[in-house]
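A.B. asks: So the sequence lines, in the order shown, correspond to chains A and B.
The first sequence maps to residues 1 to 271 in UniProt numbering.
The second sequence maps to residues 1 to 271 in UniProt numbering.
Calculated directly from the structure, the hints in this document are not laboratory data.
Take the hints with a grain of salt, since some may be wrong.
Put simply, identical chains are the same to the list, so a pair is met inside one copy or across any two.
As the list claims (entries may be wrong) - The list that follows gives simulated cross-link-like pairs (lysine-lysine, BS3-like), each with its CA atoms no further than 27 angstroms apart:
1) Lys-198 x Lys-219
2) Lys-154 x Lys-246
3) Lys-246 x Lys-226
4) Lys-219 x Lys-9
5) Lys-159 x Lys-148
6) Lys-252 x Lys-171
7) Lys-219 x Lys-154
2 protein chains.
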Amino acid sequence: MSQPSSATKHPLYELLYHPSIPGRGEFIRLAFEAASIPYTDIANASPEGYATVQHLCTNPQNLESGDGNPPVFSPPALRISSGAAGGGSSDGALILSQTPNILWYLGEKLGLAPGDEAGRYHVQQVVLTALDLNNEVHDTHHPVAVMKYYEEQKEEALKKAQDVRENRIPKYLSYFDRVRRHNEQSGGGQGRYLVGGKLTLADNTVWQVLDGLFFAFPKEMEARKKEFPELLGAFYDGVKQEGGLKVYLGSKRRLPYSMGVFRHYPELDRQ
Amino acid sequence: MSQPSSATKHPLYELLYHPSIPGRGEFIRLAFEAASIPYTDIANASPEGYATVQHLCTNPQNLESGDGNPPVFSPPALRISSGAAGGGSSDGALILSQTPNILWYLGEKLGLAPGDEAGRYHVQQVVLTALDLNNEVHDTHHPVAVMKYYEEQKEEALKKAQDVRENRIPKYLSYFDRVRRHNEQSGGGQGRYLVGGKLTLADNTVWQVLDGLFFAFPKEMEARKKEFPELLGAFYDGVKQEGGLKVYLGSKRRLPYSMGVFRHYPELDRQ
Chain A
1 MSQPSSATKH
11 PLYELLYHPS
21 IPGRGEFIRL
31 AFEAASIPYT
41 DIANASPEGY
51 ATVQHLCTNP
61 QNLESGDGNP
71 PVFSPPALRI
81 SSGAAGGGSS
91 DGALILSQTP
101 NILWYLGEKL
111 GLAPGDEAGR
121 YHVQQVVLTA
131 LDLNNEVHDT
141 HHPVAVMKYY
151 EEQKEEALKK
161 AQDVRENRIP
171 KYLSYFDRVR
181 RHNEQSGGGQ
191 GRYLVGGKLT
201 LADNTVWQVL
211 DGLFFAFPKE
221 MEARKKEFPE
231 LLGAFYDGVK
241 QEGGLKVYLG
251 SKRRLPYSMG
261 VFRHYPELDR
271 Q
Chain B
1 MSQPSSATKH
11 PLYELLYHPS
21 IPGRGEFIRL
31 AFEAASIPYT
41 DIANASPEGY
51 ATVQHLCTNP
61 QNLESGDGNP
71 PVFSPPALRI
81 SSGAAGGGSS
91 DGALILSQTP
101 NILWYLGEKL
111 GLAPGDEAGR
121 YHVQQVVLTA
131 LDLNNEVHDT
141 HHPVAVMKYY
151 EEQKEEALKK
161 AQDVRENRIP
171 KYLSYFDRVR
181 RHNEQSGGGQ
191 GRYLVGGKLT
201 LADNTVWQVL
211 DGLFFAFPKE
221 MEARKKEFPE
231 LLGAFYDGVK
241 QEGGLKVYLG
251 SKRRLPYSMG
261 VFRHYPELDR
271 Q
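Same shape as in the complex, but just chain A (with noise of 0.2 angstroms):
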C-alpha cells in the first residue's frame, strides 16, 4: 500500500477503515497519495487486517482505541506514531476519528493546505461541505433505515434520490464552482483550484465527491455538464494529473465503486 518515495521525515500512518470500498476511507487515501507520502491501509494490506480494524474501531463495548486514545464511533480512523523502521505502533501513537478532523490533521502535516489561517478555514468548509453531499448521496441508497438493504427502502431511495438529483446537486455543484470562480477572481488558482493557487484537501475532496457522483449517476451528472462546463470539466480532469493522483488512480489500490457510499442504481439516476 506504500509510495515507493522516502519516508524518513515522515511517522507511521496507518488508515483503519473497511477493505474493499473507497468509501470515506478515499478522502484519506488521496490526501497521501496526492502529497505521495506513505501510509498503511491496514484493512487492504493484509487478510487480518481487518481483524485490527475492527478491534480498535467498531467493538461497541470499547472504552479506548488503543494507546490511551478515546474510542472511535465509526472508521475511518487514523493511527499516527513513530513506527520504528516499518514496526509495530504500540509506544504513544495517536489515533484520530472522523473524515474532516483527519483531514484538517492531514493537511497541514502532508501541505495540502495553505500556509495562512484564513486559507485553512476555508479549504477545511469545502472539505466539510462536499463530505455533507457525500452523505447526502448515501442517503439516496438508504434513506429511512441505514443497517437495512436498498431493496427494503427502494420505493423512499426514489424520492429521496429524485430530491437529492434535483434540489441538492445543482445547489452543491453552483456553490462549488463559486468558489473556484471566486479563487481565480482573487488572483489563485486560475479557475483549476478552489482555495489559493495550488491542489489542496478541497480539491482532492470535491474531486472525490464529483467522481463518485459520475459513477452514481452518470445521466444526472451528463447533464449537468452545460452548466458546469468549467467544474466539470477542466477542474475535475485536472484534478486527476496532480501530485501523486494520477500514479494512483491508474494503480490497483484506487479500489472500484462497488456498494459503498456511491453505487450505481440506473433507477435512482435521472430518467
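Based on these hints, arrange chain B on the given structure of chain A.
C.D. replies: Chain B only, in chain A's frame:
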C-alpha cells in the same frame, strides 16, 4: 445579544444565522455564552438583521460572502473583524462557514479546547459526531425531501424516526458515554467532562444535541436514562451549570425549540 463582560482583547464576533430558531447556530451561541465572550447574533439583534445574513450567506448567485471571503454554502457563518468600538466590520473581516469549522476556530480562541494537539483533535471528533447525530435527527422529520413539508413525507418519517430512535440514538449515546468514561478513567473530567479536565466544545455540543433529543423524543429519552444514567443525568445536568451557560439558559437569548432541527411530533417518539 451581547454578554456584559469586557471584550477589550477580543475581535468583533458576528453570528450570521436564521432568526428565531436555535438550529445549528445554537452550537456557536453556546460557545460564546459558555466563555462569556460578547458576540452579536445579527438576525436576532435587529429587525433588519436577517437581510444582512441573506445578503452575505443565502444568495445563490454570490461569488463572495463579503470582504473578499469565499461564498457561504449555508448559514451559520461567523464574521470576525477588528470592529472598532462596536462599529462596522468592513475592513478585512474573516468570514467562516460550516458549524464544525467555526467551532474549531472558536475552541482555541475562546479557551474551550485543550492546549495540547491530541486533546484538540479528540474534542473535535466528538463535536463532529454530535453534529452528525444532529443531522440524523433533522432527517427524522425530513427523510426524503429537504424543501418539502413534514406532512408530505410523514409516512417515510415514521420509518426514519423509528430507525433513529431504535438504532442510531443508542449507538451515539453509547459512544458519548464511553468517551466520558474513558476520560474519567484516564484521570480527567471526573465523569463530568468528555475530554480533559474542564469544559470544552465537546461537552457543549453533545449537551445541545441531548437537550434537543429530550425535546423531540421525550419518551424515548426517558427510557434511555436507565441505560445511560450518568450521561443523561450528572453530565447533562452539570453542563447547564458551567461558565456562562447557567445565565444564558435562563435568559431570553436562549430561543425555544420550534420548527428547526429538533421538533416534537408525538407520533415520531417512542409509543
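A.B. asks: Give a verdict on every hint.
C.D. replies: Going through the hints against the structure:
Proximity of Lys-198 and Lys-219 under a CA criterion of 27 angstroms is satisfied in neither setting, with 31 angstroms inside one chain copy and 52 angstroms between copies. Taking the shortest Cα distances, Lys-154 and Lys-246 never come within 27 angstroms of each other, neither inside one copy (36 angstroms) nor across copies (47 angstroms). In this assembly of identical chains, Lys-246 and Lys-226 lie within 27 angstroms of each other by CA distance solely inside one copy; the values are 26 angstroms within and 54 angstroms between copies. In the homo-oligomer, the alpha carbons of Lys-219 and Lys-9 never lie at most 27 angstroms apart, since the shortest distance is 45 angstroms inside one protomer and 54 angstroms across protomers.
Taking the shortest Cα distances, Lys-159 and Lys-148 sit within 27 angstroms of each other both inside one copy (17 angstroms) and across copies (12 angstroms). For the identical chains of this complex, Lys-252 and Lys-171 are neighbours neither inside a copy (34 angstroms) nor across copies (35 angstroms), given an alpha-carbon limit of 27 angstroms. Proximity of Lys-219 to Lys-154 under the C-alpha cut-off of 27 angstroms is restricted to the intra-copy arrangement: shortest distance 19 angstroms within a copy versus 30 angstroms between copies.
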